[in-house]
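A.B. asks: Residues per chain, in single letters:
Number of protein chains: 2
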Amino acid sequence: MTSKPLTWVPIGGLGEVGKNMMMFEYDDAILLIDAGIMFPESDMFGVDAVIPDYTFLKDKKHKIRGLIVTHGHEDHTGAVHHVIREFPDIPIYATPLTRGLVEVKLREARLADRAKVHTVNVGDRVCIGPFEIETFRMCHSIPDNIGLGINTPAGLVVHSGDFKFDHTPVDGKPSDFAKLAEFSGRGVLALFADSTNAERAGSTPSEREIEPTFEHIFRDAEGRVIVATFASLISRIQQVVNVCDIYGRKLAIAGASMNENVKMAQKMGYLSIPAGMLVRLEDAVKMPPHEVAIMATGAQGEPSAVLGRMAVGKHPLINVIPGDTIVMSAHPIPGNEEYIHRIINRLFQKGAEVLYDPVAKVHVSGHASQEEQKLLISLVRPKYFIPIHGELRMLKAHARLAREVGVPAENIFVVENGMPIRFREGVAEQLERIPGGYVFVDGSGVGDIGKEVIRERDALARDGFVIAVLRRNAEGELCSAPEIITRGFIYMKDAEPLLRNLSNAAAEAHRTAPYGVPEEIVKDRIVDALSRLIYTETKRRPIIVPILA
Amino acid sequence: MTSKPLTWVPIGGLGEVGKNMMMFEYDDAILLIDAGIMFPESDMFGVDAVIPDYTFLKDKKHKIRGLIVTHGHEDHTGAVHHVIREFPDIPIYATPLTRGLVEVKLREARLADRAKVHTVNVGDRVCIGPFEIETFRMCHSIPDNIGLGINTPAGLVVHSGDFKFDHTPVDGKPSDFAKLAEFSGRGVLALFADSTNAERAGSTPSEREIEPTFEHIFRDAEGRVIVATFASLISRIQQVVNVCDIYGRKLAIAGASMNENVKMAQKMGYLSIPAGMLVRLEDAVKMPPHEVAIMATGAQGEPSAVLGRMAVGKHPLINVIPGDTIVMSAHPIPGNEEYIHRIINRLFQKGAEVLYDPVAKVHVSGHASQEEQKLLISLVRPKYFIPIHGELRMLKAHARLAREVGVPAENIFVVENGMPIRFREGVAEQLERIPGGYVFVDGSGVGDIGKEVIRERDALARDGFVIAVLRRNAEGELCSAPEIITRGFIYMKDAEPLLRNLSNAAAEAHRTAPYGVPEEIVKDRIVDALSRLIYTETKRRPIIVPILA
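Chains as they are written, first to last, in my numbering: chain A, 645 to 1193; chain B, 645 to 1193.
Do not rely on the hints blindly, as some may be mistaken.
Because identical chains cannot be distinguished in the list, a pair is counted as satisfied if it fits within a single copy or across any two copies.
To be verified - Here are the simulated lysine-lysine pairs, BS3-like style, with alpha carbons at most 25 Å apart:
no., residue 1, residue 2
1, Lys-760, Lys-705
2, Lys-1167, Lys-1183
3, Lys-994, Lys-1095
4, Lys-1183, Lys-958
5, Lys-907, Lys-817
6, Lys-707, Lys-648
7, Lys-1095, Lys-958
Please keep in mind that the hints were generated in silico from the structure rather than gathered at the bench. Since we're looking at a predicted model, the values are computed, not measured.
Could you put the whole structure together from the sequences, leaning on the hints where they help?
C.D. replies: Here is the structure:
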């Protein structure tokens, strides 16, 4: 123990606290953990991704000693290249598979040369500034996932990372209970733990529990079996490989990202595929249907992924044919339900049999449920408990569990992104929020749109726009009836009378504007006249742009 | 039996087959069942509601003998006024509460005088043309819900309506098993049954099963209890009344639609509230918190309903105060999850305790699950089975259940909206699809926007628009640098260089257009130049409108 404080801050991301990025600061050293992206909410129109707002780090960049990445999922790695572009000198630490996935991103961003990436094997101890980090294995839906025991001069803190307690994981490597118990013996100042499934009673089933379902599906399918899942879900790919082996099917991979991941995982030994099983997709579609299985991307309803294109008959190689059995092996990410259901309906329409949760047990979560969360707290026995990786409602549920297993309510801190917790002399205290939030990535722009642009897109999405072009002569009089141009408003071919009325109203507003008033005022009068008329006639509020020419 | 055929058609609505409207046609007579609206899907930008496309009925309007409405929910009643506006002479048949709710809509649409509405009590027999209809009670999440046994010269068909088999409903009136068994004894040609929960194993719990949870909540809450649910969920309101009575709380109703419904249900005897319990909202907020409960609208995350306004601190009367217990007593309608979760998070943020499914058992579905669905089929023993009221995936799941309980696969018809089934001499056959789909209601317009307008709104929602105004002199040369106007594109104050480049590109495209080419071609060249430049610089694709003045 020392008198200097240790400060923890969950940084940015959308609702999920500390999921995409977090930091520890001690004296003149900062440790960053993860740098991921979030999918935008559905009313963040046109936004491609959301990244943590780490602007406040710019003033402290000389203090940053390293970035450690706990596993290879997008919500933990997807912003690494943004961070490295901003802070090129930060060394990155990651386990082998995570490193491989991070390096793909860095290469795409043409930053591979600039970044210094270090391999940490699961179980390694690594020193980053004053932080002596003991990595330990935690099961999750991707191999090489780690939790962190961080020894600091202010005490030992434990970070669960994303986790579940799977006693029979597909790769045979369960979570490191012994390490967690050892931490407990040494005394843990604070536990930061994954709250994703804190609303879910019981225990998350083992990955093994879906194997009988897959065996039945492959045994009974008379045609092709097409399994859609996350591109990075290596263990699911291994399970499909295993069952292909049992029933003698060839396997093709559809989707660029999944292909990349399979190649890498195979090369690095995380995926074992019998020789001759993998075939090219263009060959697979020509083989007898019952001899083939296909793994595909698009289980989240993404229209541009393989399954989404199949559903609308626009995949260049795979047409859905009656007899196909299509397995949706993923839980919907909240917000995607509608798109996933639409794809399921369309696949049925095309004659496929579609299997999905809850109709068939074809997926299990990668995150701990309530009983596992309680077990983690009981194993680690921390002084302080801080639920992370979840929206506020999940953190609240997790906090309730912590109270149930005996953590005093005053030692539990439910905070939001940007709200630091300071540990000084073994005592925790919540500090004032650091300004900031999250940053929109839109097209190639990072942070170049804000709430105002989103508001305009919202208005345009509802009712479109109306342009009134007023062409004038040298005397400032209209040379012709104002031209009305619209997009996304109403079907104008059927709206001749409205069109004429709008043109007349614009002309009238122009005509009656007092002589010599500034153009801006004339424009305001036109906008007023048109919006009133449009609202009366149609109950709509399009964006109106008057143009005086 | 007769040699004339009976034809059934599920009409319009979004994915849910026959939910919003269906018809039977026999000889020169048509019977319509229900006329409801659907909520738009989230990428139907700006659309307020979707109604069935019953255009094909215009040619047959002289044949329509009546519209019978099975219960008072929006998805079965919300388009009645549109139908009556189109076909003013159709008599409407409904049970008392349903009639009351339908009449509210007709009054709002100023059609109350024109419509002929007849009351049918649950269990009544009513003749509509050649259709002799036996109504029978089926439990659902609203009182006075009916199923229909329709005696036609071509045979007896049974329509379940929305239903569940609740043995202990709050109003003490279970589904009419005896009637279903009696139909069975007489021989049922076809059963049309509610598929909503066909993906859900087991039985839907009785409404009574949430009562212990409510009792605990009311017993333990130290402050106000605020229960949000559907405005029409009369039985839930009764349950809250009962528990208010036990714990001596006053009750206020927040939300215009719920207030309307409470008044009507009370007047008609569907809701029994002890004298003195109801207080006005403006009084309730001034009373000691532990003496008050409030029922509110907004459990589906609607931003303009009571709970949505409370969550952002914009309700004129109710501010969330620490100590409030807020109960979300509704299941999310698919597509609403994100908005509901956002509201829950915000209510937590404001210091309330929030209880919701799955954290607490505070809601049960109004629809039958698999075991009840199987029971219905076994009770009715129809020759033909047609799953309705669901998306294709649910119908497919329901069809699977029907096969399990012994309906031959060839006697099960899974069809989509617009696909008729004809029964002739006791044999069913599927006919060709009737053209049509559904109709968008947007503002005050019905059917005045179509897919093209939605596509434009989609593009505008993603990337906004860019206008280039090119002002020319009498010789057709530019008088000034083209003006660039944008909305929903990027934050233009930070984009001076891009703005200048766009202006220059527009000028260049204009300058290099061959002399004398039509204006349309000049415009196309400007659009090409600007979209190329914008995509290269920003990877965005806004709608571009060139204006030559």
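A.B. asks: Each hint needs a verdict: does it hold in this structure or not?
C.D. replies: Structure-based check of all given hints:
no. : hint                   : verdict
1   : Lys-760 with Lys-705   : within (16 Å within a copy, 76 Å between copies)
2   : Lys-1167 with Lys-1183 : within (22 Å within a copy, 32 Å between copies)
3   : Lys-994 with Lys-1095  : between (41 Å within a copy, 22 Å between copies)
4   : Lys-1183 with Lys-958  : between (38 Å within a copy, 23 Å between copies)
5   : Lys-907 with Lys-817   : within (21 Å within a copy, 62 Å between copies)
6   : Lys-707 with Lys-648   : within (16 Å within a copy, 87 Å between copies)
7   : Lys-1095 with Lys-958  : between (35 Å within a copy, 19 Å between copies)
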